[in-house]
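Visitor: Line by line, the protein sequences give chains A and B. Taking my numbering, the leading residue of the first sequence gets 676, the next gets one more, and so forth. Taking my numbering, the leading residue of the second sequence gets 40, the next gets one more, and so forth.
Fair warning: there could be bad hints in the mix.
[Stated by the list, open to error] Some residues of chain A that are not near chain B, with every Cβ distance over 10 Å (derived):
hint	residue
1	Leu756
2	Gly821
3	Ala843
[What the hints assert, rightly or not] Here chain B is said to cover these stretches of chain A; the calculated rule only asks that three of the stretch's residues, wherever they fall, bring their Cβ under 8 Å from a Cβ of chain B:
hint	stretch
4	762-769
5	831-837
Simulated from the structure, these hints should not be mistaken for lab results. We treat Cβ as the ideally placed atom computed from N, Cα and C, and that holds for glycine.
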Amino acid sequence: MVFPLLVLGLLSCGTGFIPFAHFVSIGKLEAHSGINWAVAIPGTLVALLGLFLSWYVYGKIQGEQNKNSEGGLSDRIALSLGSFYPLVKNKFYFDEIYLFVTHKIIFRYVAAPIAWFDKRVVDGTVDLSGWIARKVSDAFLSLQTGQLQTYGVWFVLGTIFTLILSVATYMSLLGFGAYIK
Amino acid sequence: MGLLSLLIFLPLITAVFVVAAPKQNQVRWIALIGTGLHLALTALTTFKYLTEALAGTSSSDLLTKLFLVEKFDWFSSLGIQYLLGVDGISMAMVILTSIIIFTGVLASWNVENRVKEFFALLLVLVTGVFGVFLSFDLFLFFMFYEVAVLPMYLLIGVWGTGPKEYSAMKLTLMLMIGSAFILVGILALYYTAGAGTGHYSFELNQLAQFKFPQVIQTWVFPIIFIGFGILGALYPFHTWSPDGHASAPTAVSMLHAGVLMKLGGYGALRVAVYLLPEGAKEWGLFFMALTTINILYGAFGAIKQKDLKFFTAYSSVSHCGVVLFGVATLNLMGFKGAILQMFSHGIMTGLFFALIGMVYGRTHTRQIPEMGGLAKVMPWLSVCFYIAGLASLGLPGFSGFIAEAHVFMGGFFGNPWSAALPGRIMTILAAMSIVVTAVYVLRGLGKVFLGPLQDTHHAHLTDATFTEKLTTGILISTMAVVGIYPQWLIELIGTSIYPILNRLH
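With the hints as extra help, turn the sequences into a complete structure.
Guide: So, in structure tokens, the structure goes:
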């Protein structure tokens, strides 16, 4: 692992000298105009400070701790920060928040209701229309039982109905509608 | 017999040979040779099309230019013709179908029950599909459409699994309702144009030359769009799809999700938007909203599925939503994306269903919780599954990425006839489905293939056979070719989109 790090580290030292502006540009204008010291100096200083502090707190004290058991500087800092320390240590619980949102909210309150809605409501409507069609055909089934008496009853009823209808149509055609009203 | 007629009827001729085969075990080989020949014929047609079309089309065409045309009167008194032709969109769909049926036959190598009937019906079905893509007379188009839909009933009802009779009946009835919508729409156009010009014709380009009155545009467009939308799994008419796919045998699921559902998007673009541009403008946003629901609803629905086939079926509802979303954007980018997505999803979902069939053939279960750690015993199939999954969530390098990128960019650009903001909001919502897709794909596949072996009985299962490696290999390489170099496909469909687009302006 050291060797790849070494290669990458050495290469990164030289990267800044590559004139990227010649290769990456907005139209014909060069998008880059040299180093910006106002950004570069504080940035580098902050990085160096961070490196030093982490060495001071963990690296240096770690050695002492091995000799003097516990109670080193890092533990004292952690204690003095109170409940803020575990918050930072657990990355502000972002992983837990993501898991909570996906499992407890999205899966439970979005995905599951959609799956239910699809099965029961959308699909249920389709099944219902099939059920209605079957029930309607069941009702008409009694017209075709093969029993002569049933046919007779329907025949007579149908004839009476047709008679009434044709008489009514005839009368309305002759203008009797006005008298009936 | 012309080249296109041969392209349509070669599967039917193969079916005749299948039926006439003296021995059962010859059937598979006859089907494989027939579909292999078809693949070669498709390559030849593509070549002939490209040599003729590159010079013959331009981006200012107002009517779809057809090539390799075969035309003669069929029922001349009704203005019905036998009119075949090909343009870039048809060509792309024919290539897709040809690949899917070839791999579908390979994936059905293990069918034991009524082999003859199975392959014969499969080939009849695909005859209908080719017919739809190549006919430019709406009557012929509709006839082939029915030929494509009906064999599905028997294929699912006889060779299916689970509640197969229920699923077959539901699928057929719902698709018939869709057909009824389409027929009513087509007849309305036929009579209106006929009464207007005094010349009754079902020919697509004849109808396109007639300017339909606004009231027809407004009312016939949604009828035809919904009619095709039912086959394209448009929300809320998609419920035939999960049940149907779950019960269907492997090759039927492949063909159905891979190709048949594409007839929906194809018809919506070719018939509804092409003939009724004013109606499309009026209803564009409405259907965009409906397909946005499609995309998100399908993706969220897939998260909760326990059965691998239901899982893929819901994912198909989401992805086919992307096709119709692209059609509803009414701009060049969206149309291109819709066709690319049809092609891409066809291959990808074919791969998915083929793999599910292969895994099911070994584990005899499709329940996700009953599986786990299968990558240890079947590394080839697991890797293929992961590739299909990654393609499904739109990983760059596979065809799904380029298709969805086109569709969502098209949606964001919007069109001059509808407000930009609602379209953009819907595009953002629809594009979020990619994240949801990543969630269900990675979770689902992780449960099935990673971790410790769930069932000790699975320990001595075998990995893919040669035929299975061939099937998955063909499909994966197609996805990769389209993903890495989509330009050939975009050029193939390129100029054929312009007539549809130009008629909107």
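Visitor: Run every hint past the structure and note whether it holds.
Guide: A quick look at each hint next to the structure:
1. Leu756: Per Cβ check, A/Leu756 is outside 10 Å of chain B; nearest 35 Å; holds.
2. Gly821: Consistent with the label, A/Gly821 stays out of reach of chain B, its closest Cβ about 27 Å off (over 10 Å).
3. Ala843: The claim holds: A/Ala843 sits with its nearest Cβ about 34 Å from chain B, beyond 10 Å.
4. 762-769: Our answer is that it is violated, as 0 residues pass the Cβ test (under 8 Å) against chain B, missing three.
5. 831-837: Contact hint for the stretch 831-837 of chain A vs chain B: violated, 0 residues under 8 Å.
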